[in-house]
Amino acid sequence: MERFRQRFKSDEDGLDIGQLLQNTLGVGAALILFSLILVTCVDVVGRYFFSSPLSGAFEITELLLAALVFAALPLTTERKEHIEVDLINVVLRGPTQRYLSAFAGLFSAALLATFAWRLAAHAFSAAQDGAVTNALNIPLAPFGYLAAFSCLVSAFIAFTRGIEPPRDFDQDVRDNND
Amino acid sequence: MIESLIGFAVLLGLILVRVPIAFAMAAVGGIGFALMRGWQPAWAMTGQIAFDSALSYSLSVIPLFIFMGNVLAGSGVAHGLFAAADRLFGRTRGGLAMASVFSCGGFSAVCGSSLATAATMSKVAMPSMRKFGYDDRLATGSIAAGGTLGILIPPSVILIIYGLLTETNIAKLFIAGVVPGVLGVILYLVAVKVAVWIKPDLAPDVVTEREPMTRADVVGVFCVLGLFLFIMIGIYGGFFTPTEAAGMGAGASVLIAIGLRTMTWRDFLTATFDSVRATAMIFAVVIGAELFSNFVNFAGLPDALAMLVLDLEMPVWAVILVIMIIYMILGCVLESLSMVLLTVPVFYPLMYELPFANALLQDPEMALIWFAIVVVVVTEISLITPPVGMNVFVLKSVLKDVSLGTIFKGVLPFWYADIVRLTLLITVPWLSLWLVAAM
Amino acid sequence: DTLALSSWLPPRHPIVVNAIKPWAQEVSDVTEGRVKVRVLSKPLGAPPAHYDMAADGIADITYGLHSFTKDDRFERSRIGQFSFLGDDAVSGSTAFWNVYSGALDAQAEHEDVKLLGLFVHGPGVLHNNVRPVAAASDLEGLKIRVPGGYIADLMSDLGAETLFMSSGEVFEKLSRGVIDGVTFTYEALTAFKLTDDLKYTMRVPGGLYNTTWFLVMNEGAWDGISEADRTAIEAISGATFAERVGAAWNAADEAALVAINEAGIEITDAPATLLETIKSKAAVHENTWVQAISEDGFDGAAALKDLRAQTGVEY
Ligand code: NA
Ligand code: NA
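Chains E, Z and V, in that order, are what the protein sequence lines are.
So for the first sequence, the numbering used here puts the first residue at 27; every next one is plus one.
So for the second sequence, the numbering used here puts the first residue at 126; every next one is plus one.
So for the third sequence, the numbering used here puts the first residue at 42; every next one is plus one.
Pulled out of the complex, with its shape left as it was, chain E reads as follows (with noise of 0.2 Å):
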């Protein structure tokens, strides 16, 4: 990935995948988040001050999760911040290292890849049995496909990072969060 950042980078108005993912999903993800937020504002403050609730926040609070975490994993994987315990590369040297993080790369690019495949397996199902939401009646069958369509991305960066795994091993942890 890094190199493949380089090779992009090079150009001179060059093309960065990590800013590209997050000016695309990663816009779609935090819209998704702040509508997140409404529902449950206009929903608490409409009940307290109209007396009137909003008939089908659950739903639309479901549906909203499922979006913002599948928009959000390729922003995740492409910033290596998926939990992973660095205990190893005290002990190894250079080499061995990189082999080791080739198949890491490459075992979460077959992982992710699974379930790109699964989940739309699970959708197209989803689709033909005809399954929508209880009450607003939206279908589920199109936030399965975006899953799946997201774990296929986030499969692809994962794959890119085990056949060029990067040379320099960063030691700090980001801050996430638990």
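No lab work stands behind these hints: they were computed from the structure.
Quick reminder that beta carbons are idealized off the backbone N, C-alpha and C, glycines included.
A couple of the hints might just be wrong.
[Stated by the list, open to error] Here are some of the chain V residues that sit facing chain E, going by a computed Cβ distance under 7 Å:
| no. | residue |
| --- | --- |
| 1 | Thr-110 |
| 2 | Lys-111 |
| 3 | Asp-113 |
| 4 | Arg-114 |
| 5 | Leu-204 |
| 6 | Met-206 |
| 7 | Gly-209 |
| 8 | Phe-212 |
| 9 | Val-219 |
| 10 | Asp-221 |
[Unchecked claim] Below 30 Å or equal to it, Euclidean Cα-Cα: the simulated DSBU-like pairs (lysine-lysine) are:
| no. | chain 1 | residue 1 | chain 2 | residue 2 |
| --- | --- | --- | --- | --- |
| 11 | V | Lys-111 | V | Lys-234 |
| 12 | Z | Lys-318 | Z | Lys-248 |
| 13 | Z | Lys-534 | E | Lys-106 |
| 14 | Z | Lys-534 | Z | Lys-256 |
| 15 | E | Lys-106 | Z | Lys-248 |
| 16 | V | Lys-111 | V | Lys-320 |
| 17 | Z | Lys-525 | Z | Lys-256 |
| 18 | V | Lys-320 | V | Lys-240 |
| 19 | E | Lys-106 | Z | Lys-525 |
Mind docking chains Z and V with the ligands on chain E? Use the hints.
Using the frame of chain E, we list chains Z and V with the ligands on its own:
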């Protein structure tokens, strides 16, 4: 039973070669399930669990509480907390370290995550402590340890996850965390005092020169206090549910950030993007853990454990001791979220089986709440236990020139304080439960 | 051979304790231990996934509600959701099993699984904490939590404002005044600790609504059982199981009624005018359903009549 143990061993192996924990759990869980039941069911389960886990109303609190903490971290209220705590403790030896601990506790009241609390407070408290010549060990140790309170003092992402795993009322879990959290702050303050008493060179003699407390600092303190009260009164006064409290708190934090005018648009976007990425990270772990625990459940580990405990007629204290030892060992290498997700489904059914002597714990729900607090505290300990101490790593990433060894040395006094707290909470369940009973 | 049963209700739910687990034990008894059923301590998926879980073989045996997922699969099961169907869960479940698995060919709608049981709970009623409901105008503006489906449509036809939420949330929303009432069974009032927050209950003959449940086994697992054992299991399933699970619901309803009376909740019957209004609104939905299944060659009107005759509801 034996299948589960092999599964755990393979999982640890994958984690050690740096496969992301979420993916390792998903793979071992899925393949383990496939080997026991066939591939077709395992494939079906994978898609269904991945989708259903994200489609959850109760889990919507996770992005909301994270966003609230991140926005407040960027809005500068933490500086106010530290300045105010400095007023309280500034004039004694080790006063700034005590102020760090105290303000960590304060920020925990509006932040659901230990790592975010440590990251935020380190940016605020470290510069002062360095300026006045505090030893790096004490300075980093007080923040790394103080930050662990983020998951005990409500709101707490870990308590929410525990509530979902065990079907325990989240409002009750939150209120149960208050007294143990305050106890944690007090014991950490004592730990600072004892540490500088034994090794006076850890902190300079009385610092007379203090940072002036600006108007913005005062406003910041009131914002944190106000938001905490807003959430607690909202939940316990019956105005909204804990799930809704997260949305209201997130909305209020945006209003605070706008009102304070300290946050740039860019910082706000960073806080937002950080929150959505952290959400995906957490859900990846949740999905992985769900698959893994399905495998363990199918292999019959929780049942086997319950049978074992009943057959051996082990006394309650021995069972708890064994569980705590397992947690302490796992806590060395595992990260907090995956530790809770992996172990709680295995151990919590025991809380129904154990005939507790203490009258307070006769009620299984009370036993589950008490166990939640014990699990969170032992998880807090894991955050500062080597070799993998996530809070220590956070401090290291903020302060590149300090070695990991220095920070791990620095947390040692606080680690002892944690052991004292854990012992107190286990032996005196009333500490965790009296507020719950009083509500 | 040990079969895994995934159970999503709380371990101490009356249905789990008095129907699912005893049935699992009886399977082992009647097959002389050749077929054992293990009730897992934790479900293998979310409640709505339980039908598919049996079809896909994630678990061998599951139970659940047809209305969990709103899709086109169990159209004919909706016969069990209407008003005026039965005053107790034994007659209701038995009649539902007889009619749906008989004339309405339930097995055909439960593709890819072996249908072992069908049942309903006790009669659904309307609870609220604002006023006794004696006319349709009393429903005007009441915020009522509904589970979705037929009863949601019926309540909004009658003028109530319907809201949706998970059943676990009803307690908090009710005590916070977000909703004024709920359509539930008697049993649910005690199960969700609602007796202190409700004052009035309105009932109609045969219940205002009901929900339909299935008990199914993975087809491959079923085929793996010997002919003799399958016959033995069928003998304790189907109508026999409907009776067992119905009795469990009835006992739960009776226990709940004691608590409801103690709490001083006022139970009233819908007066004749209101009953006529409900009947006319209900008939619209029944007709829509009869039309829909007639396209597949089923006589819904006759089936409904037969079901009501079996439970003895005057209609
Ligand atoms: Na907190
Ligand atoms: Na650790």
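Evaluation of the provided hints:
1. For Thr-110/V, the suggested interface contact is upheld, since its CB lies about 5 Å from the closest CB of chain E, less than 7 Å.
2. Evaluation of the Lys-111/V hint against chain E yields a held restraint, the C-beta minimum of about 5 Å falling below 7 Å.
3. The criterion of a C-beta within 7 Å of any C-beta in chain E is met by Asp-113/V, whose closest approach is roughly 4 Å, and the hint holds.
4. The closest approach between the C-beta of Arg-114/V and any C-beta of chain E is roughly 6 Å, which is under the 7 Å cut-off, so the hint is satisfied.
5. Given the 7 Å rule on beta carbons, the hint for Leu-204/V holds: about 6 Å separates it from the nearest Cβ of chain E.
6. Because the closest C-beta pair between Met-206/V and chain E is about 5 Å apart, less than 7 Å, the hint holds.
7. Because the beta carbon of Gly-209/V sits about 11 Å from the nearest beta carbon in chain E, more than 7 Å, this interface hint is broken.
8. This hint is violated: Phe-212/V has a C-beta 15 Å from the nearest C-beta of chain E, more than the 7 Å allowed.
9. Nearest Cβ of chain E to the Cβ of Val-219/V: about 6 Å, under the 7 Å cut. The hint holds.
10. Because the closest C-beta pair between Asp-221/V and chain E is about 11 Å apart, greater than 7 Å, the hint is violated.
11. Taking the CA atoms of Lys-111/V and Lys-234/V, the gap is near 28 Å; set against the 30 Å cutoff, the hint holds.
12. For the suggested pair Lys-318/Z and Lys-248/Z, the alpha carbons sit about 23 Å apart, so the restraint of at most 30 Å is met.
13. Between Lys-534/Z and Lys-106/E, the direct Cα distance comes to roughly 29 Å. Compliance with the 30 Å bound is thereby established for this hinted pair.
14. Simply put, Lys-534/Z and Lys-256/Z have alpha-carbon atoms about 21 Å apart, close enough for the 30 Å limit, and the pair holds.
15. Taking the CA atoms of Lys-106/E and Lys-248/Z, the gap is about 23 Å. The hint holds against a cut of 30 Å.
16. Of the pairs offered as hints, the one joining Lys-111/V and Lys-320/V holds, with about 25 Å between alpha carbons and a cut-off of 30 Å not exceeded.
17. Distance hint between Lys-525/Z and Lys-256/Z is fulfilled; the C-alpha atoms sit about 17 Å from each other, no more than 30 Å.
18. Proximity of Lys-320/V to Lys-240/V is assessed by CA-CA distance (about 25 Å); at most 30 Å being required, the pair is judged to hold.
19. As the CA atoms of Lys-106/E and Lys-525/Z are separated by approximately 19 Å, the hinted pair is consistent with the 30 Å bound.
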